[in-house]
Structure formats: structure tokens, C-alpha cells
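Work out the full structure, taking the sequences as your base and the hints as a guide.
2 protein chains.
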Amino acid sequence: MLTAKQLRNPELFKKVVDADVAASFIQDGFTVGISGFTPSGYPKAVTLALAEQVKNGRKVKINITSGASVGPEVEEALAAAGAVARRYPYYASAHKSMKKAINSGEIQYYDMHLSHTAQQINFDFLDPIDVCIVECCAITEDGNLILTPGVGNTPVMVKKAKHVIVELNTFQPPELEGMHDIYIQNIPPHRTAIPINDAADRIGTPYVECGLDKIKYIVETDIPDKVVNLKEPDEKSLLIAGHLIDFLKSEVKAARLPENLLPLQSGVGSIANAVLKGFVNSDFKNLTMYSEILQDSVFDLIDAEKIKIASGCAFTPSPNVLKRFKANPEKYKKHLILRPLDITNHPEIIRRLGVIAMNTAIEIDIYGNENSTHVMGTHMMNGIGGSGDFMRNAYLSIFCTTSTAKEDQVSRIVPMCTHIDSTEHDTQIVVTEWGCADLRGLAPRERSRKIINTCAHPKFRDQLMDYVLRAEKEVGGHQPHILKEALSWHIHAQKYGTMIFQ
Amino acid sequence: MLTAKQLRNPELFKKVVDADVAASFIQDGFTVGISGFTPSGYPKAVTLALAEQVKNGRKVKINITSGASVGPEVEEALAAAGAVARRYPYYASAHKSMKKAINSGEIQYYDMHLSHTAQQINFDFLDPIDVCIVECCAITEDGNLILTPGVGNTPVMVKKAKHVIVELNTFQPPELEGMHDIYIQNIPPHRTAIPINDAADRIGTPYVECGLDKIKYIVETDIPDKVVNLKEPDEKSLLIAGHLIDFLKSEVKAARLPENLLPLQSGVGSIANAVLKGFVNSDFKNLTMYSEILQDSVFDLIDAEKIKIASGCAFTPSPNVLKRFKANPEKYKKHLILRPLDITNHPEIIRRLGVIAMNTAIEIDIYGNENSTHVMGTHMMNGIGGSGDFMRNAYLSIFCTTSTAKEDQVSRIVPMCTHIDSTEHDTQIVVTEWGCADLRGLAPRERSRKIINTCAHPKFRDQLMDYVLRAEKEVGGHQPHILKEALSWHIHAQKYGTMIFQ
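Sequence order for the protein chains is A and B. Under this note's numbering, the first sequence has 198 at position 198, and the numbering climbs by one with no breaks. Under this note's numbering, the second sequence has 491 at position 491, and the numbering climbs by one with no breaks.
Don't read these hints as lab results, they were simulated from the structure. Mixed in with the good hints, there may be bad ones.
Repeated chains share a single entry, so a pair holds when one copy, or any two copies, can fit it.
Taking lysine to aspartate or glutamate pairs in the DMTMM-like style, the calculated list, with each CA pair at most 20 Å apart, reads [to be verified]:
(1) Lys249 x Asp438
(2) Lys55 x Glu474
(3) Lys326 x Asp201
(4) Lys495 x Glu485
(5) Lys459 x Asp130
(6) Lys14 x Asp213
(7) Lys162 x Glu259
(8) Lys495 x Glu52
(9) Lys333 x Glu305
(10) Lys100 x Glu474
(11) Lys334 x Glu472
(12) Lys214 x Asp130
(13) Lys450 x Asp462
This is the structure we're talking about:
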């Protein structure tokens with residue numbers, strides 16, 4: 001049963017219904033806003049109920065907008081039921097039915113820079129939101145929403161939505177209250193500076209403004225976020241982390257970085273996790289993070305007293321780490337701020353603070369162009385997410401990747417990327433398990449040699465240099481390419497499973 | 001003879017030398033900062049003298065950094081003399097020797113987002129500047145510099161340079177004084193918000209801080225900026241301008257833009273010129289510009305009382321327009337602000353003001369990826385310049401291009417771009433002489449149809465749709481491509497001069 005601490009206005013109790021009732025409110029053709037970010041702070045009960053209704057014959061196809069892809073109770077359940085027409089702004093490959101439908105074109109997926117979504121909703125560039133489903137810890141007396149660990153685009157979606165359905169999740173720690181810092185920018189011509197000058201600055205409210213009238217239904221649930229425990233870093237990830245930390249040390253030595261660096265941003269996944277764990281064991285102190293998502297490693301950095309403040313739009317504690325948080329919330333709370341996604345990823349703030357951005361690439365070409373989304377140029381692995389926001393605006397933009405995939409048969413350093421998300425203009429540093437290539441100030445012909453000799457797997461270096469030399473000789477130009485060979489490595493891999501030409 | 005109005009401290013007269021003496025100060029291996037931006041406000045006498053010295057046997061090869069490419073007295077003279085080792089951050093194809101040397105790899109050219117250059121110089125990421133040559137109207141009593149019509153990256157380059165050589169150009173109108181608004185951002189972690197909330201806001205000083213000690217030499221000159229009179233817009237450019245203005249009107253009608261729009265940014269060239277001229281003849285009033293470069297059409301907008309304020313990092317009046325300015329400087333001055341390039345192109349301000357960005361593409365692919373730099377993926381036509389800064393951060397990002405080149409033998413709408421400068425994530429609107437495609441919120445399979453049916457030349461539409469349909473059927477994926485055909489249109493054009501397959 002919900003309590004007066006969770007629903008702080010007696011009127012709210014009248015809105016409590018079963019998930020099934022709330023799901024019935026969602027009509028065919030609705031655009032539905034979904035709270036949360038990655039498997040953190042997203043609705044579960046209502047979307048599961050809706051999926052069930054559709055499986056049982058209700059005809060509903062909706063557009064879903066959110067902060068990023070969220071958990072299986074949304075992505076897998078609704079996509080498997082065939083209940084999704086359109087999806088944006090992000091998708092990650094964890095959800096099989098969503099992946100299949102996006103790559104078959106059954107679901108129209110619009111891949112966006114995550115800093116753009118909230119403002120494009122606010123500008124009325126995207127579909128009007130009929131209903132926004134928001135996971136909350138509590139609702140205030142005035143009907144404002146205390147979110148759970150994922151903020152994402154919820155504040156703007158709630159503002160623009162005609163109706164709001166709240167999932168009051170009793171499994172989420174109530175101590176999350178006070179961690180959020182909610183701020184919505186005006187739209188032009190009424191915008192002013194965002195007053196964040198330090199990753200620790202708080203500029204907003206601890207709740208999302210909503211109001212009693214907009215809340216249509218409230219559904220009680222206790223389903224946990226589906227975060228999995230991360231594996232320990234593998235050998236290659238540790239090598240990458242080592243090269244990267246050595247590079248940052250050399251930048252401090254050259255007086256191009258302060259001793260406690262500048263605010264760190266780190267993407268998701270095993271390499272990112274290894275890099276942040278690398279800081280736990282380093283000599284760096286008083287670090288700060290101004291990142292999109294905060295994963296388990298942030299808690300290790302707090303425990304190791306390495307970090308002053310970590311700002312993100314969500315944190316995704318795995319079950320083990322959630323236990324640590326619940327056992328001692330005050331310890332962690334003072335080091336964490338949860339902001340809206342358009343503020344964590346805002347070019348204005350990333351550039352002002354001088355963020356050190358570290359993200360993972362699928363492949364990088366010899367001139368520094370990068371693919372972070374499409375395998376073989378066609379099949380979406382995951383959206384661009386915030387990597388473009390951070391890499392374009394960072395003080396230092398660092399792409400990390402292993403040099404190969406598919407048991408060394410596929411090189412991630414290629415003549416030409418099959419899809420480009422961050423261009424040569426945005427890539428400063430490339431790190432693989434073989435080393436760290438500093439591309440700052442280099443022309444394309446210098447970059448190709450630096451990337452190949454430092455970052456490519458040795459078994460592909462000759463083949464890459466052979467391409468470079470022939471392209472320079474046979475075609476020339478500022479970025480020499482032999483067009484009929486530029487994508488041949490990928491074509492060969494599609495056909496024979498390897499980029500090694502015999 | 002220079003006057004006390006031009007050199008406002010008697011000490012300065014002792015530094016006046018011939019161009020030849022100043023040029024002799026520049027040593028082999030120097031990194032030389034060059035004032036100005038496009039053919040506006042750049043040094044001429046000293047660089048011509050240096051080129052002459054090199055032609056006569058002096059061994060000097062220098063690195064040149066600047067705001068953008070400038071006039072022939074730098075680009076052509078020094079490149080033809082073989083005096084350039086490295087060049088950044090921009091190059092445009094007007095200068096044959098520079099073009100040849102960049103595309104042969106003889107000159108190492110580093111193509112940058114123009115908002116990045118000043119800060120990377122300030123961060124010590126690029127070569128330390130040995131000497132900066134600055135064209136001025138006057139030098140103040142304290143040794144501060146009153147620039148001519150091009151600001152570019154001069155403020156930061158002067159700050160970081162070991163020495164400064166001033167070219168005091170008596171041909172430039174002294175009334176330029178007071179038009180500049182010079183502001184240098186701190187470097188992280190000491191940065192704060194840039195206090196511009198309106199295109200008209202002035203936040204800095206009318207001069208570049210330098211100081212008497214840093215000024216090594218002063219050279220008198222009266223060589224005019226090499227700006228050519230622009231041609232009248234051709235038929236296709238007028239059609240593009242018409243579609244674009246109709247689109248903006250429909251956005252006003254839909255209440256997604258205010259009646260006086262939002263600040264305009266426009267690239268350079270004949271299409272950009274036609275678009276701005278289109279505003280002269282439109283019903284729009286009280287317009288503002290927050291742009292990189294201000295060309296002749298801005299003066300027409302002022303004469304037509306269409307524009308309140310135009311902010312840019314340079315203005316490039318053609319000889320005819322310069323006469324208008326000289327005849328009535330006060331009339332134009334109150335509508336013009338000249339800022340540093342990193343402020344005109346700053347993501348923070350572009351996004352805050354909600355700039356409407358209009359730039360020209362070389363080619364655009366069926367999914368909205370764009371090439372603005374490399375012909376056939378290899379040969380540099382011109383650098384990316386500010387287009388990436390504006391298109392990524394704009395309220396509306398609009399690419400304009402004719403649908404074809406080479407007498408309709410080459411389609412500018414292609415299956416896959418051979419080089420990508422702005423990705424699908426940054427392209428909202430595409431306009432050709434055939435129409436305006438609004439891509440906001442669309443998935444790739446929707447975008448391909450919209451772009452082909454609205455923007456491609458009718459003679460290429462079937463061939464494009466044939467590719468799209470086969471790619472969807474044979475390969476599938478989120479962005480279907482047949483890799484072995486994706487670049488075949490370009491390969492065919494290289495071989496046969498046409499993209500029409502028979």
C-alpha cells in the first residue's frame with residue numbers, strides 16, 4: 001500500500017489504479033513519453049500490461065520517446081507484441097525484438113544526438129506527447145514528481161505531455177529524493193546562459209514540475225530496474241585503460257591539464273568500465289565527472305575517495321552496488337547529481353567545463369572518422385547517444401576500441417568507415433590495446449601513419465599501409481582513397497568472415 | 001606617412017620598418033599567425049615580401065595559422081614560393097598553388113571546425129606561435145590593436161604569440177574602429193558563461209590587447225582586401241532561395257518560429273547570397289544575423305531596413321559595397337558587430353540564440369549525411385569551416401545545394417557520400433532547386449524517399465529509388481546499403497564523367 005510519504009496529497013490516492021486500467025488509457029497512434037535512461041528509472045508495470053493487452057488482441061501501435069533505450073519491460077515487451085510504430089532517440093542492442101524490428105524497418109527508428117531530443121520536443125519539432133509514463137519515488141503535495149535514478153528527458157516530456165501516468169515504484173530507494181537537479185531551458189529567443197560553472201553546481205529543483213491535474217493515473221509497482229552485474233575488465237580493456245591513463249598523465253606533465261584533470265565523461269560498456277576502474281588504482285585525486293550515465297565504477301571511485309562529484313542523467317547500479325547504496329545512501333548522495341539529459345550533454349556546459357570525453361568506437365578509419373552505430377554500415381548496433389555531443393565539444397575527445405573483432409579476423413581500423421558518426425574533425429585521440437595515437441594538429445597523411453602504426457593490430461598494418469601508399473600514389477588528394485577499394489575490406493568480411501586478403 | 005591618429009604612442013613610430021625588414025624576421029620553421037578571415041583584414045605587404053625573399057633564395061618554410069583562408073598575398077604568394085609547410089584551420093579553392101600543394105600532400109593541411117581553433121591554440125594543443133602578423137587601422141597608446149574588417153582568430157593568436165608584426169593599412173576605413181567586440185574566454189577549469197543573450201549584445205573591448213613590448217615591427221601599407229564583386233544569383237539559386245523562404249514562412253505559421261524568425265547564419269557563395277537577397281524582397285522584418293561572415297547582401301538588408309543587427313567575425317565588402325560603406329559609415333556601423341571567430345561560431349551561443357543555419361553542400365546522401373569538403377572523397381575543395389559548428393547547434397539546420405553538377409551528369413544526391421562532414425544527426429532540412437525536404441523526426445527509410453522525391457533531379461530519381469529498394473531487399477538493416485554499389489556512382493563519374501548508368 002502506498003503511504004502519505006509517497007503520495008503527499010490525499011487527492012492522489014484517488015488516482016491509484018491497476019496497471020491494466022492505466023494501460024487501457026493508451027490508444028492506438030499515441031506518442032508515449034517514457035521516463036528513465038538505460039535500464040534505470042523507467043516504467044515497467046504499465047508497459048507490461050499494455051504489451052499483454054496487445055498480445056490478447058487490442059490493436060495499439062504507439063510511438064515511443066524517452067531518454068535512451070530502457071529496460072526489457074518497455075523495449076522487448078512492446079516490440080515483441082508489435083505495439084511500436086516509431087522509436088527515438090536511442091536504441092541499444094540488448095533487446096532482440098526491438099533490434100530486429102528496427103533493422104527490418106518495421107519500426108521507424110530516428111537516431112539522435114541525445115542533447116537534441118528535449119529541445120526538439122520543446123520546439124514542437126517531434127510528435128506531440130499524448131501521455132508520459134513516469135517512474136517516481138514520490139509525488140509532492142503540489143503534484144510534482146520525485147524521480148528514481150534515471151532522469152533522461154522526463155522533465156520536458158512531462159511539461160509537454162497532455163497526461164501523465166505515474167508508476168510509484170516502492171523498490172526504488174526513497175533516499176533518491178534530493179539527488180535530482182531539474183532545470184528546463186527556455187526556448188529561443190528567450191534563452192539565457194545555463195549557470196553551471198562546475199560539475200557540482202546545482203541550478204534547479206529536486207522534482208519535476210507536473211501538477212495534480214496532469215496526473216491521470218498512479219500505479220504501484222515494485223519491479224527492480226534490470227541492471228546486470230558487470231564483468232571484470234578483460235586483458236585488452238585493461239591495456240586500453242593503461243594507455244589512456246598514461247596519456248592523461250603526460251598531459252598533466254606538459255601542463256595541458258590540471259593535476260586533478262578536468263571533468264571526466266565516459267561511455268558505457270566494458271572498455272569504459274575498465275578505464276574508470278583504472279582511475280581507482282591511479283594516483284589521481286579530487287576527480288570530477290560530468291557524464292551522461294554513471295555506472296558501478298563511480299561507486300568504486302567514491303569508495304576509493306578519488307572523486308569529489310559525479311554528475312549524470314542517470315545512475316545504473318547493478319544489484320550488488322544498489323545494495324551498497326541502500327546500506328549507506330548519505331555517503332554516496334553527497335557525491336552524486338542527477339540532471340536532465342539535455343543538461344548533462346549540453347554543448348554549452350561540456351565546452352565550458354572542458355570535459356575529457358572517452359567513448360567507444362565500432363570502427364575508425366585511417367583518417368580519424370568514426371563509426372559508433374552501424375555494423376557493416378547498415379545494421380544498427382546502438383544509437384549515437386551522447387557520444388557526438390561529448391566528442392564535438394570536449395576539451396579532449398578520446399575514442400577507445402579494441403583493434404580487432406571476430407577473433408582478429410576483422411580490423412576495427414579500416415580504410416574507410418561504412419558509416420560515420422563522429423568525423424575526423426572531432427577525433428583527437430585514438431586508443432587501442434596497442435597504444436594511444438595523438439592526432440591533434442595532424443594532417444590526413446600524418447594521421448593515417450600514426451593510427452596504423454600505433455593503434456592497428458600488427459597483423460593488419462602492412463595491408464593498411466599498402467592501401468595508404470597506393471591511394472596516395474594512384475589517386476592523391478587531401479585524403480587519398482581508392483574508391484573501388486575503400487569499402488572492400490567490409491565486403492570481403494561479409495563474404496568470407498575475414499578482412500585478411502589472401 | 002603614418003599619423004598620430006594611427007600610431008597613438010610616439011614609441012610606435014620607432015618600430016616602423018619596410019616590409020622587407022619585417023619579413024626577414026620570419027625564420028625557417030616559424031609558426032606564423034595571420035590576421036583576418038577570408039579576403040578581409042589579412043596582412044599583405046609582409047607576406048608578399050617574404051614570398052619574394054624565398055623566391056630569391058632565402059630558405060624559409062613556415063606553418064601558417066589564421067581565421068580562415070585569406071587573400072592571395074598570403075595563400076597564393078607563399079604557397080607558390082614553396083614557403084608553407086603546414087596550414088590550418090581552413091582553406092578555400094580560390095588559390096591554385098595552395099590547392100595543388102594541399103591536395104598533393106606537399107603542404108600538411110589540418111581541416112578544423114572553426115570554433116575549435118582559437119581554443120586549441122589557447123590550450124597549447126597546436127604549434128606555439130612565433131610571430132603573428134596583424135592588419136590594423138590603428139594602434140592605441142597602450143599598444144592595443146584596432147583591427148580591420150576581419151577578426152578571425154587574431155585575439156587569441158596575439159595573446160599567445162611571442163611577437164607581433166603590425167601592418168598598418170591606410171586603405172582600410174578608420175571608421176572600422178568601434179565595430180569590433182573582442183572577448184577571449186578563459187580556459188577550463190576557469191571558464192564561465194559567455195554573456196551574449198542577443199545577437200546585438202556587446203561584451204568585450206573595441207581593440208585586441210597586445211601591449212607595446214610585444215610589437216616587433218610596424219609596416220605601412222595601402223593594399224586593398226582582394227574581394228571580388230559577386231555575380232547576380234542564377235536561376236537555380238533563386239529557386240532554392242524561394243523554397244527556403246517558403247519553408248520559413250510555414251514555420252512561422254505553425255508557430256515554430258517568431259515572426260522575425262531567429263538569428264540567421266548563412267554560408268558563403270552564390271546560393272547563400274541568393275538566399276539572403278531573397279530576404280531583401282520578402283515580408284520579413286526586424287531580422288537579425290548571428291553568422292560567421294557577412295557578405296554584400298547584409299548591406300542590402302540594411303539598406304532595405306530589414307535587419308536590426310548582423311554579427312559576424314568579418315565582413316567582406318566587394319569594391320562596390322566598400323564604397324557605400326565609406327560614403328556613409330555611421331549608417332552601417334550601428335547594425336554591425338565584429339567578434340572573434342570562436343565567439344561567432346560558439347556552440348554555446350548558436351544554441352542559446354537558436355540560430356537558423358543555412359549552408360551549402362557538395363553532396364548529400366539518401367540518408368542525410370553530407371559532404372562539404374572533398375570532391376570524390378579525396379580532393380579538398382574547401383574546408384569544413386564553420387558549417388559543422390552551426391549545423392550541429394542550430395535551431396534549424398538547412399543544407400542547400402543544386403541537385404546536380406557538371407551539366408546534370410553528376411547528381412549531388414547520392415547513395416553514399418564519399419566523405420562526411422555533417423552526419424545524418426545534424427541535417428534537418430535539405431533544399432535544392434526542386435524543393436525542400438523536412439527530415440525532422442524521420443527514420444532513414446523515410447528520409448531516403450523524402451530526399452529523392454523532393455530534392456533529387458528527376459533524371460536521377462528512378463536510379464536512386466532502384467538502389468534504395470534493392471538495398472532494402474537484398475541487405476536490409478537500419479540504413480540499407482549495398483556496399484559494393486554504394487560508391488559506384490562516383491567511380492562511374494570518375495571513369496565516364498557521368499553518374500548516369502546506361
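Structure versus earlier hints, numbers of those that do not hold, lowest first: Failing hints, ascending: 2, 3, 5, 7, 8, 11.
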